[in-house]
Amino acid sequence: MTSTLPRPASPEAPPGGRSGTAPRPRRSLAARLRGQRTLLLLATPGIVYFLVFHYAALFGNVIAFKDFVPFQGVWESPWVGLDNFERMFNDPAFWQASWNTLAIAALQLVFFFPLPLALALLLHSLARGRVRALVQSVVYLPHFLSWVIVVALFQQMLGPTGMFGGDVAFVTDVLSDPDAFKPLMVAQIIWKDCGWGTIIFLAALSQVNHDLYESAALDGAGPWRRFWHVTLPALRPILILLLIMRLGDILTVGFEQILLQRDAVGPEAGEVLDTFVYFHGVLGADWGYSAAAGLFKGVVGAVLVFTANRIAHRLGEQGVYK
Amino acid sequence: MSATVVNRADRAGRTGLVHRVLGPAEERPAWQERPRLATRVGKVVALVGVCALVAVPLLVVVATSLASPDEVVENGGWVLWPTDPTLATYRDILSGGTITHSLLVSVGVTVGGTLISLFGTITLAYALSRDHFSLRRPLLLMVLFTFLFPPSMLPSYLVVKNLGLLDTYWALTLPVAINVFNLVIMRGFFQGLPKELYDAARIDGAGELTVLTRIVLPLSRPVIAVIGLFYAVGYWNSFFHAILYLNDSGDWPLQAVLQTVVTQGAALGGNSSDALADTGALAAPQSYQMATVVIAILPILVVYPFVQRYFTKGVLTGAIKS
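As they're listed, the protein sequences go chains A and B. The opening residue of the first sequence carries number 1 in my numbering; numbering runs sequentially from there. The opening residue of the second sequence carries number 1 in my numbering; numbering runs sequentially from there.
No wet-lab data here; the hints were simulated from the structure. You may find that some hints are simply not true.
[Claimed, not checked] No farther apart than 20 Å at their CA atoms in a straight line, the calculated lysine to any residue pairs in the SDA-like style are these: (1) Lys161/B x Gly73/A; (2) Lys43/B x Leu122/A; (3) Lys182/A x Ala106/A; (4) Lys195/B x His132/B; (5) Lys43/B x Ala118/A.
[What the hints assert, rightly or not] Label pairs and their computed distance ranges (CB to CB): (6) Phe306/A x Thr39/B: 42 to 48 Å; (7) Ser206/A x Ile203/B: 35 to 41 Å; (8) Leu218/A x Ala206/B: 50 to 56 Å.
[What the hints assert, rightly or not] One side only, chain A facing chain B, incomplete, derived with CB under 10 Å: (9) Gly60; (10) Val135; (11) Leu153; (12) Met157.
This one's a predicted model, so the numbers in the text were calculated from it and none came from an experiment. Glycine is no exception: its CB is placed at the ideal position from the N, C-alpha and C atoms.
Given these sequences and hints, build the entire structure.
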């Protein structure tokens, strides 16, 4: 509040006190930055990147409130207020996409989220370091394959001409069955990212103090109780962190993955919010409308992160940020 | 003395073959029970199963790509063990034409993009890691905020369009040049370097640039390798930006070309992907598809072992904590 006023060097001011006075005499920001020219220069490319591709893009969301016509540009297009949002909330296709998104996210949360923890516990329990390293190398690998590759692999295994497809299949064609679409999406993400997900748990497990296990064992706690009273509490902060991040991202369920396979089952079963934005906005040239859908998704995501983080703090956890 | 001998002999006798193949088990702490046989069998089954789930699809793809077209057709689209392995398919694909061109595009975008990304990430991460940098906090907040509110598709598209980057390869690299997550990891690593290094350099009169290039970078090889791999894999694997920003499918990178194969079923050389017809793929789509898939996986398989060992070595652990 007094930062704009010239600050007299009053002897009463406590050194390093809360009033903002630093212990040693402070030069003005400009003067200090002059001495940090190199750092400023080093930061510039990155900062320009964020300003242009994040903040300018963030600003571009105004077209959600406009009837955007590409050749008129962002500025010249007429304002339409909340028309785009109104249309969106009355659009059954939008609700169908939202429902599909939430359904896939929920399935992921139940069937995918706990698996990396289980696999990490299994790997951690291995006494042989060499076996563990070998298995780790194998299970990390799929994370580095593109979705195009993963889908191609699934086709080669389960498709009509695949190893388990055609004559030997339980269902005629799993990959184009609308009812099987959501479980299939979850199965694919498990195949791709379950192994990679263990990395964070393994790091946390290696940090657990072994004395705790030892004293628990001496007190007569069996493996199960040691897991419940030592391992799990140690993993709690990370589990909560991951849960918050997943919650904030709950409206994002694998855009590239679903874009590749949506057409095999049709929009009824396969449309999610991200593909909705793509097909309406970019392909359908309905700019303002799908920007509204994109903005809606972003705002809901941010609110969810805030809320989840709040709850985490309430529970005495660190959360994502303070 | 004699106890250890007995112990060793006992262990060698019990696990002779396993011991020789898999190496020594780490010493089990005294308090930990020896797992029951059922538990151990269960673990082995689970681990073998997990590894097979990852490995078998990859093996089938490689085997199919190596089989002669006739054999693939005879076997209904897939092969587990080619009777007469041949590289004819690869020779065909790589002798010019769409796949060859897209492969070159992919290599170019990946190499160029990774260099741009590493440059931007290292410089900004370094500036943000220096405690005395006056703009450190505001800039850091500015960067972290984008994590909470990532740009959505349409506004990003408008930015790229207004910058005149449509239909250029800049559109595939610049919009995704810096990843906030990678930036935070890099910054965390820089901050973890011993402070004495900086002080010593300062006493010697070295400027920030000298400190960065002569001291920090040589010490940061592991983190640069990992982050570089993340970026390279990202560029190599991405197909959506090509579809979004490059109108002419003749300019597409490998994954985008492969994507037309995946989304249109076994359409390699089929109706709409006439660009692919000149690979002569009509004869046996499956082995050509799979050869293309293998080509798309191969660079990752080659680089992976060299970088993989860093994953477990605390490069990421530090970042997770921050």
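Do the hints match the structure? See the list:
1. Lys161/B x Gly73/A: Satisfied, since the Cα-Cα distance of roughly 11 Å is no more than 20 Å.
2. Lys43/B x Leu122/A: holds (7 Å)
3. Lys182/A x Ala106/A: holds (10 Å)
4. Lys195/B x His132/B: holds (13 Å)
5. Lys43/B x Ala118/A: Holds - the C-alpha atoms of alanine 118/A and lysine 43/B are around 12 Å apart, at most 20 Å.
6. Phe306/A x Thr39/B: 42 to 48 Å: holds (44 Å)
7. Ser206/A x Ile203/B: 35 to 41 Å: Between serine 206/A and isoleucine 203/B, where Cβ atoms are some 37 Å apart, the hint holds.
8. Leu218/A x Ala206/B: 50 to 56 Å: About 54 Å separates the Cβ atoms of leucine 218/A and alanine 206/B, which means 50 to 56 Å holds.
9. Gly60: holds (3 Å)
10. Val135: holds (6 Å)
11. Leu153: At 4 Å from the nearest chain B Cβ, leucine 153/A passes the 10 Å test, so the hint holds.
12. Met157: holds (5 Å)
Comparing the model with each earlier hint shows no violations; every hint is respected.
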